[in-house]
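These protein sequences, in sequence, are chains A and B.
To convert, count from 1 in the first sequence and add 19; that's our numbering.
To convert, count from 1 in the second sequence and add 58; that's our numbering.
Just so you know, these hints were derived from the structure itself, not from any lab.
Take the hints with a grain of salt, since some may be wrong.
[What the hints assert, rightly or not] Across the chosen pairs, the derived CB separations fall in these ranges: (1) B:Arg369 / A:Arg349: 54 to 60 Å; (2) A:Asp145 / B:Ala172: 25 to 31 Å; (3) A:Thr34 / B:Ala363: 43 to 49 Å; (4) A:Pro324 / B:Ala307: 45 to 51 Å; (5) A:Gly207 / B:Asp303: 42 to 48 Å; (6) B:Ala225 / A:Arg200: 27 to 33 Å; (7) A:Pro324 / B:Asn347: 48 to 54 Å; (8) A:Glu311 / B:Asp303: 49 to 55 Å; (9) B:Leu217 / A:Gly251: 56 to 62 Å; (10) B:Arg163 / A:Leu54: 53 to 59 Å; (11) A:Glu311 / B:Gly319: 44 to 50 Å; (12) B:Thr305 / A:Thr77: 55 to 61 Å; (13) B:Gly270 / A:Gly180: 52 to 58 Å; (14) A:Thr77 / B:Gly164: 23 to 29 Å.
[Unchecked claim] Sample of chain A residues with no beta-carbon within 12 Å of chain B, all distances over it, derived: (15) Thr34; (16) Pro44; (17) Leu54; (18) Gly65; (19) Lys135; (20) Tyr158; (21) Arg168; (22) Glu249; (23) Asp256.
[To be verified] Residues on chain A that point at chain B, a partial pick, calculated with CB under 8 Å: (24) Arg33; (25) Thr331; (26) Gly334; (27) Ser336.
Glycine included, each C-beta is placed from N, C-alpha and C at the ideal position.
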Amino acid sequence: MDMITLDHGSGGLRTAQLIEEILVPAFGNAALNALGDGAVLPALEGPPVFSTDSFVVTPWKFPGGDIGKLAVCGTVNDLCMAGGKPLYLSLALILEEGLPMDDLRTVVDSIARTAKEAGVQIVTGDTKVVERDSADGLYINTAGIGVLRAPGLGRAALCPGDAVLISGSVGCHGAAVMMARGELPVEGDLRSDCRPLHDLSAAALAAGGVRILRDPTRGGVATTLNEFVEGGPLCIDLEEEAIPVDEPVAAACDLLGLDPLYAACEGRMLAVTAPESAEAVLSALRALPGGEGACRIGTVGDARPGRVVLHTPLGGSRILGKLTGAQLPRIC
Amino acid sequence: MLCETWLNAFRRTPGAARLVEDIRRRTENRAPVRIMEICGTHTMAIAKAGLRELLAPGVELISGPGCPVCVTPAGDMDAALALSARPGVTLATYGDLLRVPGSVRGDTLLRRRAAGADVRTVYSAAGAVELARTNPDREVVFLGVGFETTAPGTAACVLDAAENGVANFSVFCLLKRTEPALRALLNAPDCGVDALLCPGHVAAVTGADAFGFLPREYGLPAVVAGFEAVDVLYAVWRLVRMVCDGTPALENEYTRLVTAGGNAAARTAGDKVFAPADSQWRGLGEIPNSGLALRKEYAPFDAAARYALPRQAGTEPPGCRCGQVIRGALRPDECPLFGKLCRPEDPVGPCMVSGEGACAAAWKYRPADA
Numbered sequence: 020m021d022m023i024t025l026d027h028g029s030g031g032l033r034t035a036q037l038i039e040e041i042l043v044p045a046f047g048n049a050a051l052n053a054l055g056d057g058a059v060l061p062a063l064e065g066p067p068v069f070s071t072d073s074f075v076v077t078p079w080k081f082p083g084g085d086i087g088k089l090a091v092c093g094t095v096n097d098l099c100m101a102g103g104k105p106l107y108l109s110l111a112l113i114l115e116e117g118l119p120m121d122d123l124r125t126v127v128d129s130i131a132r133t134a135k136e137a138g139v140q141i142v143t144g145d146t147k148v149v150e151r152d153s154a155d156g157l158y159i160n161t162a163g164i165g166v167l168r169a170p171g172l173g174r175a176a177l178c179p180g181d182a183v184l185i186s187g188s189v190g191c192h193g194a195a196v197m198m199a200r201g202e203l204p205v206e207g208d209l210r211s212d213c214r215p216l217h218d219l220s221a222a223a224l225a226a227g228g229v230r231i232l233r234d235p236t237r238g239g240v241a242t243t244l245n246e247f248v249e250g251g252p253l254c255i256d257l258e259e260e261a262i263p264v265d266e267p268v269a270a271a272c273d274l275l276g277l278d279p280l281y282a283a284c285e286g287r288m289l290a291v292t293a294p295e296s297a298e299a300v301l302s303a304l305r306a307l308p309g310g311e312g313a314c315r316i317g318t319v320g321d322a323r324p325g326r327v328v329l330h331t332p333l334g335g336s337r338i339l340g341k342l343t344g345a346q347l348p349r350i351c
Numbered sequence: 059m060l061c062e063t064w065l066n067a068f069r070r071t072p073g074a075a076r077l078v079e080d081i082r083r084r085t086e087n088r089a090p091v092r093i094m095e096i097c098g099t100h101t102m103a104i105a106k107a108g109l110r111e112l113l114a115p116g117v118e119l120i121s122g123p124g125c126p127v128c129v130t131p132a133g134d135m136d137a138a139l140a141l142s143a144r145p146g147v148t149l150a151t152y153g154d155l156l157r158v159p160g161s162v163r164g165d166t167l168l169r170r171r172a173a174g175a176d177v178r179t180v181y182s183a184a185g186a187v188e189l190a191r192t193n194p195d196r197e198v199v200f201l202g203v204g205f206e207t208t209a210p211g212t213a214a215c216v217l218d219a220a221e222n223g224v225a226n227f228s229v230f231c232l233l234k235r236t237e238p239a240l241r242a243l244l245n246a247p248d249c250g251v252d253a254l255l256c257p258g259h260v261a262a263v264t265g266a267d268a269f270g271f272l273p274r275e276y277g278l279p280a281v282v283a284g285f286e287a288v289d290v291l292y293a294v295w296r297l298v299r300m301v302c303d304g305t306p307a308l309e310n311e312y313t314r315l316v317t318a319g320g321n322a323a324a325r326t327a328g329d330k331v332f333a334p335a336d337s338q339w340r341g342l343g344e345i346p347n348s349g350l351a352l353r354k355e356y357a358p359f360d361a362a363a364r365y366a367l368p369r370q371a372g373t374e375p376p377g378c379r380c381g382q383v384i385r386g387a388l389r390p391d392e393c394p395l396f397g398k399l400c401r402p403e404d405p406v407g408p409c410m411v412s413g414e415g416a417c418a419a420a421w422k423y424r425p426a427d428a
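Based on the provided sequences and hints, a complete structural model is requested.
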């Protein structure tokens, strides 16, 4: 079978073949095609935004995505959440000896497709091969550069009365990966929410009044919202009933004793907006693919500084803390 | 969608507000009704829905010895930790046990794994047998914790291994029985419980009637309940009515799963493999016939015999009050370590570790006004 061998990481003939036969044809663009030690890029029309992320998800393929799609979305989304328009990515592949070449092609295709969708170019990269059993198929690192589009986003901008919005249902990615691992004794219609957030973030920012954007990845919605207010004078009041959880996700989480509010999303966006902007931002999000389920889930307040408070349907209320320990390892 | 109707029917129903109102009205002019839940899943459900605060002060919900991880004594964890260090042994365990310390603070299976021990997480005993089948060169030991609920599944795996010659599989049996522990708890002079919320999962196997001794011998109302917020609320309402009216009886709220007689086939499998044995409980000490041990016929699959594991009580961590919490004698937030020295990220005792522990529930779902 056609597979990765240590020769592919030698820096010699096989490495060159890998680059020229698989990688360049998939990603080809002016900056990459030069195959220099680094990419020379045009000057940006504003301050650069820079981010990096590594991907070790297991299994590498899951319903709704794979490690390649995730590797593009992860960094693209980080740039978007920082208020940037993503432009360029680097791509570093760490491959395990014996990885079927077809698997690599699948991942590379997925990277190329997602990059195209997100409007970014892969402009530089690196490939290493490690001995069998020194990795788990393949790991990916991407770093990305964008140009700042919305300065001033951040928790310092939050005010009491602001609206807390989410672009769709929570916890789908975590539940889908769990299912793909065969850790659930059932089968069901679970798909990862993995998607690039460039359009949704741009639409939210264009609608105006946005204070902060974040994608609730590891640690989920609960942990991300805690990071908005911890150590500060404000709190967030969440209405449990308003938080969208797809029923297969709720059922899967129930079976394993997990809480969807702590399960990772890879294509959802939390936005805090000025109260008067909430409806405009929600309308803008709902008009786009991946934002159909956007809704308001809570409000910024100042009654319990530093806390996220969940109000339950039965009339109780409780503190929603950050995730402690790993709910699920190697989810992205 | 089935799921939608199903989950929401038991989580969000307009009738819930009426139940809360009626419970408040009935408990207005009397001493608080003290209800003990004896299942860790109930503990979590109560904390998650904020029921404890919602029903206070008229109803006091007390967590009992219902978390299988919590009642496992430090000495048994010491034995499991020692086992994980043996060459050739793969330890298969439910995830909850990974973070439970033995007699030495911080000494957990999670740390042992990071340091090189072969410790695997499984979701069922069947997963452990599968591990043994696919790793014939390893000795796979399953840490069998739990109550009557997990005993049949564990038994089925021992039977499977025996019939199919999976000789590299064994069980370190830490299984416990509900009734002897409940009796020990209720016989204690300081037990001020008015009524019991009985575990639906256990009752699915034992049958609801297995809890008939509570009203019959102790004069205590008992309701077998499911695990959604409204299940619990409804059961509490029925318990409050019985306490206030002085009409103790056994009722079954969880009729969609639990019958009076339970699951005879499951019990038969359990009885075939296990026999009652004396057992150590954290917080309750040794209770006669409160545990399950493998019968002699299945001795080759008994890890305790196979590896000559010591069964000692072990040493509780200094200052840890888990023992009192397990007996319901102390509320988690009354422990001086709670939320200070003892938190889920760096737990001192098992009640803060387990997903079903009273302290973990109280911390994770702490009320907004605490």
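Outcome of the hint check:
1. B:Arg369 / A:Arg349: 54 to 60 Å: 36 Å, violated
2. A:Asp145 / B:Ala172: 25 to 31 Å: 29 Å, holds
3. A:Thr34 / B:Ala363: 43 to 49 Å: 56 Å, violated
4. A:Pro324 / B:Ala307: 45 to 51 Å: The hint (45 to 51 Å, Cβ to Cβ) holds, given that Pro324 of chain A and Ala307 of chain B are roughly 48 Å apart.
5. A:Gly207 / B:Asp303: 42 to 48 Å: For Gly207 of chain A and Asp303 of chain B the Cβ distance comes to about 45 Å; the hint holds.
6. B:Ala225 / A:Arg200: 27 to 33 Å: Given range 27 to 33 Å: holds, Cβ gap about 28 Å.
7. A:Pro324 / B:Asn347: 48 to 54 Å: Between Pro324 of chain A and Asn347 of chain B, where Cβ atoms are some 53 Å apart, the hint holds.
8. A:Glu311 / B:Asp303: 49 to 55 Å: 52 Å, holds
9. B:Leu217 / A:Gly251: 56 to 62 Å: Holds: the Cβ-Cβ distance is about 58 Å, inside 56 to 62 Å.
10. B:Arg163 / A:Leu54: 53 to 59 Å: 55 Å, holds
11. A:Glu311 / B:Gly319: 44 to 50 Å: For Gly319 of chain B against Glu311 of chain A, whose Cβ atoms are near 49 Å apart, the range 44 to 50 Å holds.
12. B:Thr305 / A:Thr77: 55 to 61 Å: About 56 Å separates the Cβ atoms of Thr305 of chain B and Thr77 of chain A, which means 55 to 61 Å holds.
13. B:Gly270 / A:Gly180: 52 to 58 Å: 56 Å, holds
14. A:Thr77 / B:Gly164: 23 to 29 Å: The hint (23 to 29 Å, Cβ to Cβ) holds, given that Thr77 of chain A and Gly164 of chain B are roughly 28 Å apart.
15. Thr34: For Thr34 of chain A, whose nearest Cβ neighbour in chain B is about 34 Å away, the distance exceeds 12 Å, so it holds.
16. Pro44: 39 Å, holds
17. Leu54: For Leu54 of chain A, whose nearest Cβ neighbour in chain B is about 41 Å away, the distance exceeds 12 Å, so it holds.
18. Gly65: Given that every Cβ of chain B is farther than 12 Å from that of Gly65 of chain A, nearest at about 40 Å, it holds.
19. Lys135: For Lys135 of chain A, whose nearest Cβ neighbour in chain B is about 35 Å away, the distance exceeds 12 Å, so it holds.
20. Tyr158: Non-interface label on Tyr158 of chain A holds, nearest chain B Cβ at 19 Å vs cutoff 12 Å.
21. Arg168: Holds: least Cβ distance 37 Å, greater than 12 Å.
22. Glu249: 15 Å, holds
23. Asp256: Contrary to the label, Asp256 of chain A does not stay out of reach of chain B, its closest Cβ about 9 Å off (not over 12 Å).
24. Arg33: 33 Å, violated
25. Thr331: Constraint on Thr331 of chain A satisfied, holds at 5 Å.
26. Gly334: 6 Å, holds
27. Ser336: Check passed: Cβ of Ser336 of chain A comes within 4 Å of chain B, closer than 8 Å.
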